[in-house]
Amino acid sequence: GAGVSQSPSNKVTEKGKDVELRCDPISGHTALYWYRQRLGQGLEFLIYFQGNSAPDKSGLPSDRFSAERTGESVSTLTIQRTQQEDSAVYLCASRPGQGDYGYTFGSGTRLTVV
Amino acid sequence: GQSLEQPSEVTAVEGAIVQINCTYQTSGFYGLSWYQQHDGGAPTFLSYNALDGLEETGRFSSFLSRSDSYGYLLLQELQMKDSASYFCAVREPRGANNLFFGTGTRLTVIP
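The listed protein sequences derive, respectively, from chains V and F.
Counting from 289, one number per residue, gives the positions in the first sequence under the working numbering.
Counting from 0, one number per residue, gives the positions in the second sequence under the working numbering.
I should point out that these hints are in silico values taken from the structure, not numbers from a laboratory.
Please read these numbers as outputs of a predicted model, since none were measured by experiment.
Among the hints, a few may not be true.
Said to hold, decoys possible - Just so you have them, the derived chain F footprint on chain V, three or more residues with Cβ under 8 Å:
(1) 305–318
(2) 322–331
(3) 357–367
To be verified - Just the calculated beta-carbon pair ranges, DEER-fashion:
(4) T358(V) to T43(F): 25 to 31 Å
(5) S293(V) to I16(F): 25 to 31 Å
(6) A290(V) to P110(F): 16 to 22 Å
(7) S315(V) to G27(F): 28 to 34 Å
(8) S354(V) to Q24(F): 30 to 36 Å
(9) G291(V) to P110(F): 44 to 50 Å
Where a beta carbon is used, it is the ideal one built from N, C-alpha and C, also for glycine.
Throw the hints in and build the complete structure from the sequences for me.
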């Protein structure tokens, strides 16, 4: 597609439930990132995928968080047993390959845990 | 570890020039990037500096001084639509592959 697409755009869930967030990167972009942004805060790195290499999971805050990506296509971020502290906007970004700039972000999924 | 410092808020008048500063501390340096984010929107890439000096893109310019661990984003001929948050970002040291973002500067442009 023309841009990075994320779904759903908004998600309200009850504490303790699992949620799955989806990201469709730009076609041909080998690198894909997930970030979390709490209200009024900066972007917090969660996980990075590059092609078929093992993902960099160093930013995942707990074992309740996991993510998958099949090849160079769609990625899903799963949060198990959600907590109120998980409420944030989850942003996905992709870029063509190695490099320090030019990330294209999606509009994010706003997650609210009640 | 990484740290980035930016002013939290800046207010400027339409048509004026504004400079948003960013100082950084990193264990390795691979360039400074700037992103713009409107409320409720996606961050969008503005500019990137790997070497010292000024990079100009239309009304926006970005400057880097590696010896001072300092950079800034310069916005000229401010427009109301420039009201947004602006983030500087550095790449994590070699071996990691993500951008580390500052907490952002909220720019408000007033008439």
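Taking the hints in turn, this is what the structure says about them:
| no. | hint | verdict |
| --- | --- | --- |
| 1 | 305–318 | violated (count 0) |
| 2 | 322–331 | holds (count 4) |
| 3 | 357–367 | violated (count 0) |
| 4 | T358(V) to T43(F): 25 to 31 Å | holds, 27 Å |
| 5 | S293(V) to I16(F): 25 to 31 Å | violated, 36 Å |
| 6 | A290(V) to P110(F): 16 to 22 Å | violated, 34 Å |
| 7 | S315(V) to G27(F): 28 to 34 Å | holds, 32 Å |
| 8 | S354(V) to Q24(F): 30 to 36 Å | holds, 31 Å |
| 9 | G291(V) to P110(F): 44 to 50 Å | violated, 32 Å |
In summary, the numbered hints that this structure violates are 1, 3, 5, 6 and 9.
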